[in-house]
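J.: Please work from the sequences and hints to get the whole structure.
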Amino acid sequence: MKYADEFRDPEKARALIDAIGLTLKRVTIPDDRPLHIMEVCGGHTHSIFRYGLQRMVPDTIEFVHGPGCPVCVLPMGRVDDCVTIAETDGVIFTTFGDAMRVPGSKGSLLQARAGGADVRMVYSPLDALTLAEKNPDSEVVFFALGFETTMPSTALTVLEAKRRGVSNFSMICQHITIIPTLKALLDDPQAQIDGFIGPGHVSMVIGNRGYDFIPTEHNKPFVVAGFEPLDLLQSLLMVLTQLAEGRATVENQYARIVPEDGNAEAMRAIAEVYEEREHCDWRGLGNIEASGVRFRKEYHRYDAELKFGLVQAQVPDPAICQCGDVVRGIIKPTQCAAYGRQCTPQTPLGALMVSSEGACAAYHQFDAAGIDH
Amino acid sequence: MSRIPESHRSQTGKVRGSAVTLAHGAGGRSMQDLIDDVFLSEFGSNNLSDLNDSARLEAGAHALAFTTDSFVIDPIFFPGGDIGKLAVYGTVNDLAVSGAQPIALSFSIIVEEGFAISELRQIARSARAAADDAGVSIVTGDTKVVNRGCADGIFINTAGIGQIAAELNLSPKNIMAGDRVLVSNSIGEHGAAIMVARGDLGLETELISDCRSLVSMCTALAQGIPGLRAMRDATRGGVAAVLNEFADASGTSVFIDEASLPLKPEVRGVSEILGLDPLYLANEGLFVAVVSEADADAAVALLRDLPGGENVTLIGEVRTDPAGVLIMNALLGGQRLVDMPDGDQLPRIC
Numbered sequence: 001m002k003y004a005d006e007f008r009d010p011e012k013a014r015a016l017i018d019a020i021g022l023t024l025k026r027v028t029i030p031d032d033r034p035l036h037i038m039e040v041c042g043g044h045t046h047s048i049f050r051y052g053l054q055r056m057v058p059d060t061i062e063f064v065h066g067p068g069c070p071v072c073v074l075p076m077g078r079v080d081d082c083v084t085i086a087e088t089d090g091v092i093f094t095t096f097g098d099a100m101r102v103p104g105s106k107g108s109l110l111q112a113r114a115g116g117a118d119v120r121m122v123y124s125p126l127d128a129l130t131l132a133e134k135n136p137d138s139e140v141v142f143f144a145l146g147f148e149t150t151m152p153s154t155a156l157t158v159l160e161a162k163r164r165g166v167s168n169f170s171m172i173c174q175h176i177t178i179i180p181t182l183k184a185l186l187d188d189p190q191a192q193i194d195g196f197i198g199p200g201h202v203s204m205v206i207g208n209r210g211y212d213f214i215p216t217e218h219n220k221p222f223v224v225a226g227f228e229p230l231d232l233l234q235s236l237l238m239v240l241t242q243l244a245e246g247r248a249t250v251e252n253q254y255a256r257i258v259p260e261d262g263n264a265e266a267m268r269a270i271a272e273v274y275e276e277r278e279h280c281d282w283r284g285l286g287n288i289e290a291s292g293v294r295f296r297k298e299y300h301r302y303d304a305e306l307k308f309g310l311v312q313a314q315v316p317d318p319a320i321c322q323c324g325d326v327v328r329g330i331i332k333p334t335q336c337a338a339y340g341r342q343c344t345p346q347t348p349l350g351a352l353m354v355s356s357e358g359a360c361a362a363y364h365q366f367d368a369a370g371i372d373h
Numbered sequence: 001m002s003r004i005p006e007s008h009r010s011q012t013g014k015v016r017g018s019a020v021t022l023a024h025g026a027g028g029r030s031m032q033d034l035i036d037d038v039f040l041s042e043f044g045s046n047n048l049s050d051l052n053d054s055a056r057l058e059a060g061a062h063a064l065a066f067t068t069d070s071f072v073i074d075p076i077f078f079p080g081g082d083i084g085k086l087a088v089y090g091t092v093n094d095l096a097v098s099g100a101q102p103i104a105l106s107f108s109i110i111v112e113e114g115f116a117i118s119e120l121r122q123i124a125r126s127a128r129a130a131a132d133d134a135g136v137s138i139v140t141g142d143t144k145v146v147n148r149g150c151a152d153g154i155f156i157n158t159a160g161i162g163q164i165a166a167e168l169n170l171s172p173k174n175i176m177a178g179d180r181v182l183v184s185n186s187i188g189e190h191g192a193a194i195m196v197a198r199g200d201l202g203l204e205t206e207l208i209s210d211c212r213s214l215v216s217m218c219t220a221l222a223q224g225i226p227g228l229r230a231m232r233d234a235t236r237g238g239v240a241a242v243l244n245e246f247a248d249a250s251g252t253s254v255f256i257d258e259a260s261l262p263l264k265p266e267v268r269g270v271s272e273i274l275g276l277d278p279l280y281l282a283n284e285g286l287f288v289a290v291v292s293e294a295d296a297d298a299a300v301a302l303l304r305d306l307p308g309g310e311n312v313t314l315i316g317e318v319r320t321d322p323a324g325v326l327i328m329n330a331l332l333g334g335q336r337l338v339d340m341p342d343g344d345q346l347p348r349i350c
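Going down the list, the protein sequences come from chains G and F. Numbers 1 to 373, taken from the numbering used here, label the letters of the first sequence in order. Numbers 1 to 350, taken from the numbering used here, label the letters of the second sequence in order.
Because the hints were derived from the structure by calculation, they are not lab data. All residues carry an ideal CB built from backbone N, CA and C; glycine is no exception. It is possible that some hints are incorrect.
[Said to hold, decoys possible] Examples of chain F residues toward chain G, derived with CB under 7 Å:
hint : residue
1    : Thr-21
2    : Pro-265
3    : Glu-266
4    : Leu-332
5    : Gln-335
[To be verified] Where chain F lies over chain G, by a calculated footprint (3+ residues, C-beta under 8 Å):
hint : stretch
6    : 76–86
7    : 121–129
[Claimed, not checked] EDC-like, lysine to aspartate or glutamate: derived pairs with alpha carbons at most 16 Å apart:
hint : chain 1 : residue 1 : chain 2 : residue 2
8    : F       : Lys-14    : F       : Glu-42
9    : F       : Lys-264   : G       : Asp-5
10   : G       : Lys-2     : F       : Glu-42
11   : G       : Lys-106   : G       : Glu-87
12   : G       : Lys-297   : G       : Glu-276
13   : G       : Lys-332   : G       : Asp-32
14   : G       : Lys-2     : F       : Glu-266
15   : G       : Lys-134   : G       : Asp-118
16   : F       : Lys-173   : F       : Glu-266
17   : G       : Lys-12    : G       : Glu-228
18   : G       : Lys-134   : F       : Asp-200
19   : G       : Lys-183   : G       : Glu-289
T.: Structure, rendered in structure tokens:
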């Protein structure tokens, strides 16, 4: 398959692994732990496990699986908000597939559907808008979640709704932003991260300039990476090369997709529709300042929270969960007391067990106890 | 009905939640839990508790295989088939993978008021053609019409009986370390074709469902390969669910090689776009067989000569450790666990 197989070539992978081994010899490894390289994006976590990369690299490197999985960091209270709206008479509730399984305190959207709510999976927010046009007597609500990757498509859908004059369409805006989250992670004195594999598709939208503070203020290498196994191995090599040479800078391994300045048109659509939210709750990480967006005043008529008079539900994470420590590289998923016991992919307690991109779910799904750890 | 041993009974409470969800019908872990908890605990017969594709009933000098299946599908007409064809082959294939020669089928429909007679006729016609192809007669049936809104067009139930050679003993419990695993066709075509046919994706492919009879291939293996241990058709839950069940029932581990998996480029494409794993996609004309190491090449050669056997491929082997799991030797040399599916796969956000 073109544009995929070229980036999965076993021989090239072996050559990169060899180069990683050689470069690693020139890197100072901490005395008390392996080198911690964080892949920020959940899509990267998924690829690392899917291709078994964590077992191919030397033991002195450990991937720390970052917060960039929008489903994983969805707070339970927000799922409750969705269920409340979905259960309202006359509502057709729509969202992306894997958001439907995330448990809130009253169950997931899938369970709400079993209970009689009209919950439908769509592949694009535009499909939800079309559904609204076809069902003028219902209110169609789309649950807009995700990082900057999905923001342009939801912003453009709102602009399109305005253009087409559709009034029975609204969105719950749960968009979050990556830079404030990385700032919060790096400002935490307990966090132990030596270098970053940066998000590819977020950067395609926002570009690479926003990451400059990571090398300049924190002296950590940051390499924006693609999602195929060779992309990830090459990016890891680029991080290690920076460490070996005592450099820290932002580099772009995914230049075939990511322009340095991002996508101006997408950023314009985002800026037109959304503005910064003062605070945003993250499952596992708590409240992070300015880490999300909400509708601008001009677009309030598309804001489902206002339309339904929603007061955001606040539900604390279960006390036993240590998701925050996993995301900051302090413990591995298997070191959490709930992992594999109270918390499994079938009965997820914590954020990171929820989506297959979550670190704990990926460990559980892809790693056999007998062949690893 | 004899009581099933306590060890085969699950504790109540295995089913999560208070209402049935779609995951309870998706062929994975939730469905197993529902069957164990709600039905096995009440119905329990030794036959049922084995949960094979068909029940084996001893009838004098012969053994009979008996099975049933219900069919609901959206869309009812899809590239490569329709619900009538599916309902016949589905039950015929459950008999075939049990090593049985199908004899007779029942065909019962629950149809919604307003359903077009012309479509019903088309469904009956393709069911008849499928039955002829599989060498089986439809000998009994039932028709129920329900109010508009009480069924999604049409639901079909078929049951089938077949004859098994008395000496034939196929069971996942026979699987042992050293055995080889084969698949009879390229993987995931039905699941991918149906997803594209629903039209939400805006994709156009030439994919068609693999919906077909497995009788001649399964019969050939059952009669010609003494080292055949077990066969199962990989419908809901896909190849991953079958191999997990095999590993679980035999207490072995199954290792498969990613590089060897037969996959059409369109199936790969659809899976890549949606972030799905073809190993979990449904098939309607593919079976997984485990054969002894000594007979593996002969089994492949035998099947390749039969119609529909062109893509038969050895994909892995059985080992001792770690017991009860399915492991993929990934393309680049790493390894990963391929877990039992739970509910339908959902496309990833980004």
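J.: Can you give the numbers of the hints that this structure goes against, from lowest to highest?
T.: 3, 6, 10 and 16
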